[in-house]
Amino acid sequence: MTELKLTNVSKRYGNNVEVLRDINLEINQGELVVFVGPSGCGKSTLLRMIAGLEKISGGTLEIDGVRVNDFPPSLRGIAMVFQSYALYPHMTVRENMAFALKIAKKSKAEIKEAIDNVARILQLEPYLDRLPKALSGGQRQRVAIGRSIVRDPKVYLFDEPLSNLDAALRVATRLEIAQLKEQMPDSTMVYVTHDQVEAMTLADRIVVLADQSIAQVGAPLALYERPNNEFVAQFIGSPAMNLLSGTISATGPQTTIRLDSGGTARSNVPSSAAMQGAAVNVGVRPEDFSLGDANAIADSGSAAALFSGQVDITEALGEVTLLYLPAENGRIIVKLPGIHQGLRGQNIALYADPAKVHIFLAGQSLLTYKDHA
Amino acid sequence: MSPLMQGVTIIVVGVGLCVSYFFLSNWLLDRVFLPARGQHIDRNINRANAIRPWLFLLPAVIALAVYLAYPVFETLRLSLFDRDQGNAFIGLANYQQMFSEPKFWEALTNNLLWLLVVPALSTVFGLLIAQLTDRLWWGNIAKSLIFMPMAISFVGAAVIWKLVYDARPAGTEQIGVLNALYTFFSGAEPQVWLTLPFWNNFFLMVVLIWIQTGFAMVILSAALRGIPEETIEAAVVDGANPLQIFFRIKVPQITSTIVVVWTTITITVLKVFDIVFAMTNGQWETQVLANYMFDKLFRANDWGVGSAAAMIIMLLVTPLLIWNVINARKELK
Amino acid sequence: MRVRSSNKAMGSFVGQRPALSWAVHLSMLFIVFLWLFPTVGLFISSFRTADQISSSGWWSSLSTQEQQRSPIRITGTETQDKGLYVVVGKLFSSEAVVLRAWGTSSKRPNEYQPGATAQLKRGRSLTIDADGRYRFTAQQSQAGKRLPRVFTTASSPPEFTFRNYDYILFQGDNSDSMAKAFLNTFTVTIPATIIPILFAAFAAYALAWMEFPGRSILIAAVVALLVVPLQLALIPLLKFHNEIGIGKGYLGVWLAHTGFGLPLAIYLLRNYMVSLPRDIIENARVDGATDFQIFTRIILPLSFPALASFAIFQFLWVWNDLLVARVFLIDASGQTTVMTNQIVELLGTRGGNWEILATAAFVSIVVPLLVFFVMQKYLVRGLLAGSVK
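Protein chains in written order, with numbering that gives the first Met the number 0: chain Z, 0 to 372; chain L, 0 to 332; chain U, 0 to 388.
Bear in mind the hints are in silico, worked out from the structure with no lab data behind them.
Values in this document were obtained by computation on a predicted structure and should not be read as measured data.
Just so you know, not all the hints are guaranteed correct.
Said to hold, decoys possible - Each computed DMTMM-like pair below joins lysine to aspartate or glutamate, with the alpha-carbon atoms no more than 20 Å apart: (1) Z:Lys101 / L:Asp29; (2) Z:Lys104 / Z:Glu30; (3) Z:Lys105 / L:Asp29; (4) Z:Lys54 / U:Asp278; (5) Z:Lys334 / Z:Glu224.
Stated by the list, open to error - Which bits of chain L does chain U cover? Going by a derived footprint, with three or more residues having C-beta under 8 Å, they are: (6) 92 to 102; (7) 172 to 186; (8) 193 to 205; (9) 302 to 311.
Claimed, not checked - Pair ranges (Cβ atoms, derived): (10) L:Phe72 / Z:Asn7: 17 to 27 Å; (11) L:Lys329 / U:Phe32: 52 to 62 Å; (12) Z:Pro353 / L:Thr230: 50 to 60 Å; (13) Z:Asn14 / L:Arg46: 48 to 58 Å; (14) L:Arg46 / U:Arg214: 16 to 26 Å; (15) L:Thr230 / Z:Glu124: 44 to 54 Å; (16) U:Leu19 / Z:Glu124: 54 to 64 Å; (17) L:Thr230 / Z:Tyr12: 54 to 64 Å; (18) L:Phe201 / U:Val365: 26 to 36 Å; (19) U:Arg214 / L:Thr108: 56 to 66 Å.
C-beta atoms are modelled at their ideal positions from N, C-alpha and C, and glycine is treated no differently.
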C-alpha cells in the first residue's frame, strides 16, 4: 500500500532558482527509504517539503491517499527528527515528549501512558525528569526519536539524525535505529543522510539525488551492482569507481572497448552493432581489479590488460592496501586485500572480471546495459 | 487610597490591558473566527497563520508610527509654519530667524566640538582600558567599576561633577576637588570652572566621557577577546613587541567594532541635553542644540524655531541613519 | 578558530617583563581611582552635615583632622558660686573632638593651650579643657550682655550621620522631600519597562520567524527609527496627547517611553530570536503548535537573557530620564514630579546645600546602581548584541 506519493514535485525559490524538479516517487507502508546525495542536492529540502516546512512549488504530495500540499505540518500525520535533535532546552525529557500531545489536548492519562511506553522501548526511563543539557549526545538523539514515536505518526522523517554524533556513537545509534525499525514493521520512514554507509545499511530502498532530481532509486545492493549512471556509480562505494575513457571496438553479447590509455576492457554488458565506435567510459570499482605482471603481458601481447602502469603511492590500511597509479586524468585506485607495500614503484597490469566492468556512454552519463538488468 | 496602592493599581491595570490584548486577539483568531477544526481545517489554519503576524505587530507598529515616524514629518511641517500668524505657511522664515541668532551658532559650534571630542576620547579611553584590563586578574572588577557611571543618570552625574567643580571664595577651604588641587599646586585664586567661556564646554564633556567610556570599553573588550589567539601568537613568534601587537595586529582586526562604538556615541552626543540643562543651562557660552531647542519650545514658547532646531539635529543624524539601514539590509541578504 | 578563553592568556607568554606588568597594574589602579573618585565624593558627602561639607573637602573627612573651626559663642545659664557669676558648658557636641588650642580673638586664635585660663577684660576669665568643657567666671552678672566668642583648633575623627537621609526621605512635608518623587519614579518606570518589552517581543518574533509581505521593509524601518532623536517627537506628541485628551500624566509618559524604547527593543530581541535554532521552532510547528503557542511556550522562555538585557536598558533609561518626564508627565501642580526633575529643582533652589543635593542625588542613583551590579551580566550581553555585528 502506498503511504507517500510524490508526483512531478518541484521546488523553486523566487522565480528562477530551481532546487528540485520532476520528483516522482512512491513509498510504501513499512518501508525505510533513504535520500542520499552530495550536499546541496536538495535532499533535505525534499524532506522538509514532505514535512510541510517548505512550500511545494509544483506537483502533488499525497500522504495516505490525501493531497496534503497545503496542509500545515501538524495535519499531515508526520513526525520529524532533526539533525540537531531540536529538543526544547527549557523542558525536561518528559515535557519534551508531552509537548505535541498537550497541544493536541490529549488527556493526562493518555500522555503518561504514551510516554512511559516509549521511554521503556528506548530505555529513557531514568532520564525522564532531566533537562536535555544533562544528557549525552546519544541520549538526546533517543529522546528526539522518542518524541516522534509518542505521536504515533503515519510517516517518520529523519533529517541527518546521526551527523552530530561522534564516530563510535554513530555506529551504535545506527544499529539502534535498525532495531527500532524492526520493532515497528508497519511504520514508514524517510531518512536523509549524506553518509553512504548509513544509506546502505539502513535502507530498504535508496533514492540518490543529484542535480535537482532523482538520479536512481533502488535497493542498496542494486545501486552498487547496477548503477544507472556515472554519478551513482561514483557516489556509492568507497573509494569511488574508476572511470577510463575509450571506444567500443567489438559489439555483441559481450562488448570490447579499446581504452584511450592503451588497454582493452571486456564487459558482459551486451551492445548492438550500432554502438560500434561509440565513445564510452568504462567503470571498474577499485576492489574489482586483479593483478598481473606488466612486463610479462607486454612480452606475450596476448590477453591484453585493462590498464598497466607504475604504482606511485601505496596506502596500507591493514585489511586492504590501496594502490595509486597515475593516469591521464587523475589516478587509478586499486584496492587489494591484504598487505602489498612492496608494490610501490612496480609496474603492474590490472585485469577485471567482465561481469564487473560497467560501461557508460560518454557525455550522457547513460548506461548502455540499462535494459540488461 | 495610599499613593503606593494607587501606583500599584495603575501599574497592574496598564500592564494587564496590554497582556490581555495579545491573548484575546489570538484566542478569537484560533477559536472563533478560524477554528482549527471542521472540514476547512487546513484552510483555516493557513489563513490564521497569514493574519497572525499582523496581530503580533499591530501594537508595536502603531506605537512606532505615532511616536517616532509621524513626529518627524510633523516637526518638519511645524518648522515651516508659524503658530502666531494663525498657522500660516512661512517657508524658511523660522530657519532664517534661527540662523540670525548668535545663540544658535553658539549651540551648533559647541555641538560640533562635542562631536569631535567626546566620541574620540571615549573610544580611545575605552580601548586603552579594555586592553589594559585584558591582562589583569582583577580586570573584571576594574571594568565593572569603570562601567558603573553608565547606570547613573545624566542629572545625577551633573550633581556629582558640580561637586568636583565647586568653587569657594579665595582664602576659604575648597570643597571641590578640582579647585583644591588647583590652588594647592598653583597657589592661584580658585576658578569658577563652569563660567570660563570655551573651556567650560570641556568640563561638561568630561561628564559624558566619564559615562560613555565604560560603554566603549565593554564592547571593545569583547571585540579584543574575539580576536583569534593564533594571530597574536603568530605575531609573538614573529618577534613583535606588545605595542606592535596592539596597533598592528589587534586594532586592525576590530576596526568595524571601533566604528560602531564611535557612531553610537556620536548619536548620544547629538542628543545630549540633561548634562547641559542641569549644569549650566546653556549659560556662559555652553549652549548645545538639544538644550537650545528645549529653550525655544518651553521657555520662549516658539514652536517654529524649536522645530527648526529639531530638524537640524535630525539632519545631523541622517547620514548615520542611512548608513545603519544600508548595513542592516546587507545583513538580511 | 580558537578564541581566547582566559584573560590571563596574554600574561603567559614566556619572557614577559615584570616591570611592564607592574606599570599596567599601577596605571589601571590610577584609572579606576579616577573614575570612582567623583561618585565616592557624592556618597561620602551625603553622610556629612552641612557644616562639615562647607568647612572641608570630603576627602579629608576620612581621617582625623586638625583644623581651625568657626568661632563659637559661649552660652549657658548663669549660676552664682562663691561670689562669682559662673557659666559652664561644652563647646563640642561630639565626645570625639579634641581641642588643640584656642583663643578669644580672631587675631590670635591659638593663644591658649587646653586647660589654660584666659584673663579677660572687666575681671572675667575663661578656662577650656581639652574635651571642650569650659568654665566662664565674672565679677558681675552678665545677664543681657554678650558673652565672648571662642576660636578653636580641634582635631576630630571621621564622623558621619544619617540625618540627611532622614530629612530627604522621611520628613514628608518639606519641599526638598524625595519620597513622593521616588514613588512616582517607580510608577513611571515599571509599566514603561514592561509594556515595550511585551510589544517588542511579539513584534520581534513576527519579524524573526513569521512569513508575511513587507517584513524586510519593517525591519529596515525599525533600524532607521533606532537613531531618530526623540527631540523631534516632543511638540507633535504633546499636541497629540492634548488632542486625544490624555494631556500630561502617567498614561502619556508610559506611551511616550514605549514608543521611544521600541526600536531598540525590537532590534535587540529580533537579533536574539533569529539566533535561536530554527530546528526547535520547526519541530514545534510539526508538533502542531500555532505561532502564538510557539511564542509563549518556547520563544519567551528561551529569550530570557535578551528580555533581561532590554529590561535593564529600558529601566535605567526611564529611571534616569529627565526630558520625557518633564514634557509628558510633570504638570504645573508638581504632584507627579520624578527624582531627576526634583534634583534639577533642588539644583536651582538649594544650589549650595551640598548635604541635600548629594543625598537626593544618591537616593536617585542607588536603585540603578543596585540593578547595575546585580544584573551586569545581562546588561553587557545586551550591549554586545546591540552593537557588535
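- Query: Taking each numbered hint in turn, which are not upheld by the structure, reported in ascending numerical order?
  - Reply: Violated: hints 2, 6, 8, 10, 11, 13, 17 and 19.
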